[in-house]
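So the chains spell out like this:
There are 2 protein chains.
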Amino acid sequence: MTELQHTNSPGKSSRDDGFTQPAPQTPGMNPADAENLHPADLADHLENLTLEKQVSAFTRLPKEDAAEALAELDETTAVDVLENLDDDVAAQIIAEMAPDDAADVLDELDEEHRDALLDKLDREDSEELRNLLTFDPDTAGGVMNTELILLDRSLTVDEAIVYIRSEMADKESPYYAYIVDARHVLVGVLSLRDLMLARPGVIVGDAVQGQNVVTVRYDMDQREVAGLLSHYNFLALPVVDKEGHILGVVTYDDIMDIIHEEASADLLGMVGADPEESVDTPWPESVRRRLPWLFVNMVNSALSASVVYMFEGSIAQMAVLAVLMPMVANQAGNTGQQALAVMIRQLATDRFDQKKAWLAVWREGKIGLVTGLAMAVTAFCGAWVFTGLPAVGLVMAGALLCDMLLGAMAGGSIPLVFRALGRDPAQASSIFLTTITDGAGFFIFLGLATLFLL
Amino acid sequence: MTELQHTNSPGKSSRDDGFTQPAPQTPGMNPADAENLHPADLADHLENLTLEKQVSAFTRLPKEDAAEALAELDETTAVDVLENLDDDVAAQIIAEMAPDDAADVLDELDEEHRDALLDKLDREDSEELRNLLTFDPDTAGGVMNTELILLDRSLTVDEAIVYIRSEMADKESPYYAYIVDARHVLVGVLSLRDLMLARPGVIVGDAVQGQNVVTVRYDMDQREVAGLLSHYNFLALPVVDKEGHILGVVTYDDIMDIIHEEASADLLGMVGADPEESVDTPWPESVRRRLPWLFVNMVNSALSASVVYMFEGSIAQMAVLAVLMPMVANQAGNTGQQALAVMIRQLATDRFDQKKAWLAVWREGKIGLVTGLAMAVTAFCGAWVFTGLPAVGLVMAGALLCDMLLGAMAGGSIPLVFRALGRDPAQASSIFLTTITDGAGFFIFLGLATLFLL
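Just so you know, the sequences run in chain order C and S. If you count the first sequence from 1, position 118 lands on 118 in this note's numbering, and the numbers rise without skipping. If you count the second sequence from 1, position 45 lands on 45 in this note's numbering, and the numbers rise without skipping.
Derived from the structure by calculation, the hints contain no laboratory data. It is possible that some hints are incorrect.
Identical copies carry no separate label here, and so any pair may be met within one copy or between two of them.
Claimed, not checked - Dumping the calculated BS3-like pairs for lysine-lysine here, alpha-carbon to alpha-carbon at most 25 Å:
1. 356 with 53
2. 63 with 53
3. 355 with 53
4. 63 with 171
5. 63 with 366
6. 242 with 120
7. 53 with 171
8. 355 with 366
9. 366 with 356
The structure presented is a predicted model; accordingly, all values stated were derived computationally and were not measured.
Generate the whole structure from the sequences, applying the supplied hints.
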């Protein structure tokens, strides 16, 4: 549900949206109170209960309230509940859920259980859900809602408004109507505002003549869909197949969730955590998902360590090199991460422009150079004072400047290179960056030291 | 504008939303074509022009198209354009902008120029904008739109619909109507759907009796506003003052922008980049904003280096320690960053729950322990093979296990500690984490080595 919730008529279906209202949460809430609670708040309350109490609550709740609450639960909890509910109860709840929400949670069940539940639904619901489940969950088809308002192109504006009024109680996006021909090919879009402001006798098919409708194909990545919808500030985007038949609609509320998810995915993926991880993820699963990247990181740090090994002799002669060496790597690593972060977010929030992207790398280079100079001067003074040897200061400064510049440009480039290779721009990018800044930093610093100090 | 754009009647005001349509962009676009372009696409096109051409385009565009395009420009470009436009032209464009968009861009000008432009507006517009400018830009008051539909509580449902129809052409959020008393205290909300489904004779004041409206105060942080709106999936949230008078409304499209901004702020702030930075930020400004944290990082790496210095003698005796030492720090640092990322996103996407937060730290501890064991075993084998000394392997494994566990718990805790101190949970968190994992890693590894190997 994308709209407000009804308080005033407890007897009415809670599907009827109505008025905003989280009633204040009462301790010891019983299911009879559930109707007065917004589904999102009810879900919050349920998430704090034990699995046993959750199952009990979902069994006793009116099926429509249960359906809306289930849609608001975090995924792990929703799956646990479904797996422990009586199958008949589970099927009844699923039947009341919006198709996109139902498909999302069914997708997480194992195939056998999913089929068992689908078989308990009536044929129409079951077919609709099976169809939705064929779409990749991270695409427009996997996110879309199939309950939308379609208008035949031959209707007049007033006929359209009457029809919408009769349909709007149950529709996800009641404020957009999609004009289709007899074969359900999308020919135009009209908002409720458009219809209310138009002259009554106008044929809707004529009203949308010449429109260039923004649509998304069912296989468009959800991230791209989110970008489009926030670019145009639409309430919803229609989803079509290759021939232009309308399949469903992606609404702004799903997009808000996607933006949150993708932002988390960037931050988590950058450091090698699982992009879909949250504090609700069971910890053994997190272990399983993080270990591969930790191994990759181990290999990478072994590579950097081998650079140090090349200069083991120099360190044996001048141990203070081991004291200063990590500072160079650390500083350049941080510089690189700053550039990396800016580029990752740039790719996430704006539509890709090749020229703009490489100009951005050049920009990072300039920043790396200037900040590198500032740090180099500081390091020169510091190292000179610390060791009493200006030559050490010079080596330190030179290595720092070079490594910071390299870090900045590597940080800006890595997401672009990943993207060009068809990989996620953020995934494990920080790990690969550190390999470069550590390895190069050690090499330059110890190399210069070996050349000029020993 | 949150809705679709009109193509069909080039003579009509482009403020009338109508139908979706980015017409394909033609090269050498001239202002006469602008009406057929969605403002967001027009803004994209304009952003690629030189400042001179931008100023020229904005001068020649119909004022309403210019206003909508200016609202869609990135902030830096919008400010540049305004500063170079003729003041009369600028004032005319601002007069056509939605008040919240106008206030956003005026806020970025220097005070003198801002006042000059405001003085050119008619009194009502000028007062409205001056009022909006008193709000902190990162709060509900700073984001809200003041053009909303208010219904006196004494109206009937059908009178309400007639009124809405007369107002909806110009309103940001035409699908919610806010029911107020004579003093504009908010008493309820009704959606257009509610009104269309209600019985005609009902008084709106009665219809909203007993509602518990979700509102935000003008001084609520925009991040919290965004969290509320996405929690409840509302189209808009009403903004009130301390006495409950309605001031404006925050709409979902502004929230989508805020979610993007806050996500970027997390990623950028974590590594010490400026949270509001993008590739459009002039590079000298980025230098200025990043340098402080780079200095902080330098100090922190000096602290870690001083730990190494304590063991300089050990390194002089056994130079291979310098080869292995960075591996421990690197691995623990990466582990810590994974925990840090999960916690940062948790605080960003969910409402804060103290108990849940510290349970999450405990969860990270378990993850750190198990992954630490896995890495320790790997490191033990690797170090033993590499040096031929099982004792070195043991020291390496022990240090790695301890440091990774410490890194995981530190990573999970730092955002909570920052938050408790009233600081942003993400800002520079990675820098402080590295200090811990580097310093502790060096200490434990070199300490164990000194104890057991020398």
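Going through the hints against the structure:
| no. | hint | in the structure |
| --- | --- | --- |
| 1 | 356 with 53 | between (54 Å within a copy, 19 Å between copies) |
| 2 | 63 with 53 | within (17 Å within a copy, 60 Å between copies) |
| 3 | 355 with 53 | between (56 Å within a copy, 20 Å between copies) |
| 4 | 63 with 171 | within (18 Å within a copy, 37 Å between copies) |
| 5 | 63 with 366 | neither (61 Å within a copy, 38 Å between copies) |
| 6 | 242 with 120 | neither (32 Å within a copy, 52 Å between copies) |
| 7 | 53 with 171 | neither (32 Å within a copy, 46 Å between copies) |
| 8 | 355 with 366 | within (17 Å within a copy, 45 Å between copies) |
| 9 | 366 with 356 | within (15 Å within a copy, 43 Å between copies) |
Consistency note: the structure conflicts with the earlier hints numbered 5, 6 and 7.
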